[in-house]
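Visitor: The residues making up each chain are set out below.
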Amino acid sequence: AQTVTQSQPEMSVQEAETVTLSCTYDTSENNYYLFWYKQPPSRQMILVIRQEAYKQQNATENRFSVNFQKAAKSFSLKISDSQLGDTAMYFCAFMKHLSNDYKLSFGAGTTVTVRA
Amino acid sequence: EPEVTQTPSHQVTQMGQEVILRCVPISNHLYFYWYRQILGQKVEFLVSFYNNEISEKSEIFDDQFSVERPDGSNFTLKIRSTKLEDSAMYFCAGGQNYGYTFGSGTRLTVV
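First to last, the sequence lines map onto chains A and B. Take the first sequence: its position 12, counting from 1, is numbered 12 in the numbering used here, and each next residue is one higher. Take the second sequence: its position 8, counting from 1, is numbered 1008 in the numbering used here, and each next residue is one higher.
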């Protein structure tokens, strides 16, 4: 079974500053996907960014970028120029790259608060 | 953008009662899932459904739970006899492979 660990229960950041959320995972798979999901107070699960393990280039989506270190099994999320709307819980998630097995294994989440 | 729709958004039920949570996935989805999130905790996989049958289920998904897609459109999760510990957010999700769309969730409160 895959284990996803988010070691920071809470993070606080000043508006316009940068915050980095850590995530590590444990797997024996070579091919897989990694995700960051955002869950605002509305409780909706919103995909922030996705990384394919076979791609060395780190994924970016506007102000969100990842640092994917496959050998270290690390997948951190950087939020640049933080905005008040970024306040949410952020979950790191793992998915195997196998046909018919697309379930997600989530970490415990990190609550991010952006201060005005 | 197409959405996964879940109803109801909030349901309160008496312990021991049966509940049915409903989901309408996006029409071209092939895989369907239910996840659960107990308040303040992580999101947990319950069950995946593909080709009109369960493809995988977790230890949480015991005999009290069932899923079906009766009309090729709605995807339902039934809890036969609810317990207090079933109180949680339940998320439906659909996708074609590694691309998921989550519904907005149903908050189930068992009293």
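Bear in mind the hints are in silico, worked out from the structure with no lab data behind them. One or more of the hints may lead you astray.
The calculated DSSO-like cross-link candidates involving lysine-lysine, where the alpha carbons are at most 30 Å apart (straight line), are [what the hints assert, rightly or not]: (1) K1057(B) / K1078(B); (2) K78(A) / K1078(B); (3) K1057(B) / K73(A); (4) K1042(B) / K73(A).
Simulated restraints on C-beta separations [as the list claims (entries may be wrong)]: (5) R1107(B) / N58(A): 46 to 52 Å; (6) E1056(B) / P41(A): 27 to 33 Å; (7) K70(A) / G1072(B): 36 to 42 Å; (8) V1024(B) / D101(A): 36 to 42 Å; (9) T111(A) / T1109(B): 34 to 40 Å; (10) E52(A) / G1072(B): 43 to 49 Å; (11) L84(A) / I1054(B): 37 to 43 Å; (12) Y1098(B) / D81(A): 39 to 45 Å; (13) R1080(B) / R115(A): 24 to 30 Å; (14) S42(A) / I1020(B): 19 to 25 Å; (15) E29(A) / R1080(B): 33 to 39 Å.
Since we're looking at a predicted model, the values are computed, not measured. Glycine residues also receive a C-beta, built at the ideal position from the N, C-alpha and C atoms.
Visitor: Now look at each hint and say whether the structure bears it out.
Guide: Hints, verified against the model:
no.: 1; hint: K1057(B) / K1078(B); verdict: holds (14 Å)
no.: 2; hint: K78(A) / K1078(B); verdict: violated (39 Å)
no.: 3; hint: K1057(B) / K73(A); verdict: holds (26 Å)
no.: 4; hint: K1042(B) / K73(A); verdict: holds (20 Å)
no.: 5; hint: R1107(B) / N58(A): 46 to 52 Å; verdict: violated (36 Å)
no.: 6; hint: E1056(B) / P41(A): 27 to 33 Å; verdict: holds (31 Å)
no.: 7; hint: K70(A) / G1072(B): 36 to 42 Å; verdict: holds (40 Å)
no.: 8; hint: V1024(B) / D101(A): 36 to 42 Å; verdict: violated (24 Å)
no.: 9; hint: T111(A) / T1109(B): 34 to 40 Å; verdict: violated (22 Å)
no.: 10; hint: E52(A) / G1072(B): 43 to 49 Å; verdict: violated (31 Å)
no.: 11; hint: L84(A) / I1054(B): 37 to 43 Å; verdict: holds (42 Å)
no.: 12; hint: Y1098(B) / D81(A): 39 to 45 Å; verdict: violated (29 Å)
no.: 13; hint: R1080(B) / R115(A): 24 to 30 Å; verdict: violated (46 Å)
no.: 14; hint: S42(A) / I1020(B): 19 to 25 Å; verdict: holds (23 Å)
no.: 15; hint: E29(A) / R1080(B): 33 to 39 Å; verdict: holds (35 Å)
Hints 2, 5, 8, 9, 10, 12 and 13, counting from the list given before, are not met by this structure.
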